[in-house]
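Protein chains: 2
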Amino acid sequence: MMDNLYAALVHYPVVNRQGKTVGSALTTIDLHDMARAAMTFGVNRLYVITPYPDQAELAREVIRHWTLGAGSRLNPSRKQALERIRVTDTFENAVREIQTEHNRPVTTVATSARTHKKTISPHALKQKLAADTPCLVVFGTAWGLADELMHACDMQLDPITGPGDYNHLSVRSAASIYLDRLINS
Amino acid sequence: MMDNLYAALVHYPVVNRQGKTVGSALTTIDLHDMARAAMTFGVNRLYVITPYPDQAELAREVIRHWTLGAGSRLNPSRKQALERIRVTDTFENAVREIQTEHNRPVTTVATSARTHKKTISPHALKQKLAADTPCLVVFGTAWGLADELMHACDMQLDPITGPGDYNHLSVRSAASIYLDRLINS
Numbered sequence: 000m001m002d003n004l005y006a007a008l009v010h011y012p013v014v015n016r017q018g019k020t021v022g023s024a025l026t027t028i029d030l031h032d033m034a035r036a037a038m039t040f041g042v043n044r045l046y047v048i049t050p051y052p053d054q055a056e057l058a059r060e061v062i063r064h065w066t067l068g069a070g071s072r073l074n075p076s077r078k079q080a081l082e083r084i085r086v087t088d089t090f091e092n093a094v095r096e097i098q099t100e101h102n103r104p105v106t107t108v109a110t111s112a113r114t115h116k117k118t119i120s121p122h123a124l125k126q127k128l129a130a131d132t133p134c135l136v137v138f139g140t141a142w143g144l145a146d147e148l149m150h151a152c153d154m155q156l157d158p159i160t161g162p163g164d165y166n167h168l169s170v171r172s173a174a175s176i177y178l179d180r181l182i183n184s
Numbered sequence: 000m001m002d003n004l005y006a007a008l009v010h011y012p013v014v015n016r017q018g019k020t021v022g023s024a025l026t027t028i029d030l031h032d033m034a035r036a037a038m039t040f041g042v043n044r045l046y047v048i049t050p051y052p053d054q055a056e057l058a059r060e061v062i063r064h065w066t067l068g069a070g071s072r073l074n075p076s077r078k079q080a081l082e083r084i085r086v087t088d089t090f091e092n093a094v095r096e097i098q099t100e101h102n103r104p105v106t107t108v109a110t111s112a113r114t115h116k117k118t119i120s121p122h123a124l125k126q127k128l129a130a131d132t133p134c135l136v137v138f139g140t141a142w143g144l145a146d147e148l149m150h151a152c153d154m155q156l157d158p159i160t161g162p163g164d165y166n167h168l169s170v171r172s173a174a175s176i177y178l179d180r181l182i183n184s
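Protein chains in written order, with numbering that gives the first Met the number 0: chain A, 0 to 184; chain B, 0 to 184.
Since the hints were derived computationally from the structure, they do not count as laboratory data.
Pairs involving identical chains hold if they fit within one copy or between any two copies, as the list cannot separate such chains.
The list that follows gives simulated cross-link-like pairs (lysine to any residue, SDA-like), each with its CA atoms no further than 20 Å apart:
| hint | residue 1 | residue 2 |
| --- | --- | --- |
| 1 | Lys125 | Asn183 |
| 2 | Lys125 | Ser184 |
| 3 | Lys78 | Arg16 |
| 4 | Lys19 | Thr89 |
| 5 | Lys116 | Met154 |
| 6 | Lys78 | Arg59 |
| 7 | Lys116 | Asp157 |
| 8 | Lys78 | Gly161 |
| 9 | Lys117 | Thr160 |
| 10 | Lys78 | Asp164 |
| 11 | Lys19 | Pro75 |
| 12 | Lys78 | Asn166 |
| 13 | Lys125 | Gln98 |
| 14 | Lys125 | Gly163 |
Here the structure is a predicted model, which means the values were calculated and not measured.
Hey, can you work out the whole structure from these sequences and the hints?
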């Protein structure tokens, strides 16, 4: 199994409904759903990125409950999933950590409901993974990743579309679909 | 766009951790995530199935808030999505309603993390949809659909798998992936 696929859930910088750059609050169910999807599709580590110490502590409390506390005995499969999460303060720190572990540059791949920059298909990204490139797929909370983070990424995955033009999936749904496409395309 | 694809989120009969048939409580975020995925992938209607009047009323309250109340003005895209939900007490009633509207037998398709019966690929199910067959894809809450409902369905979609054997996706993730596979395969 690959060990070079990573995911990140970003709480800052993201945009609000008005397109203004903001930091979002943690939604604990994101951690559960995305860790379970990460575990299913062989993501090495899911970074939960927030610069707010109280939010980081909340995330760590949830993780402790399910990996070390009562939750770990109640639900071992949830334990396995949440063990994949690492909480960190910035996107740059997550990239640096992956780069150090693999001793190779990391390909950073944004996701969005709209096309912002050069896109890559899940199949093409899978080929990069097969060539041992460490890849970090980046998901935004709130109304999506802020432009500055979108620009900081090397590329963007093809937006998820259906038969119409509705493009308001939850980040939990979008991340699950992207990981499935990436592994099973 | 097709009008013959339907989804159902079942709260009874499902199984608990011990495999015993139970009814589950409503999780309101399921309604949001699954309605948004339904809207994205052109599902005509999402049935929320619960035999418990208080749970049905809770579901209707959530739907009213977002389709008629303050939520509908705050977030028009959420309104559009939640308008796709219909709350009903049994699986049989949902099937009957679809059959009456289309005046054709409904193909009912279970989903599960494990293989219980003859499976169909998303691509083959898409061909049935293209041939105008009304299809209802059925998702279980808790630890999944009870055997009696699994048996009542005509067939089952291929389980979602990754590179390993972990198969504990949330119903929100699983439904999103299945609908994407169904429409985009």
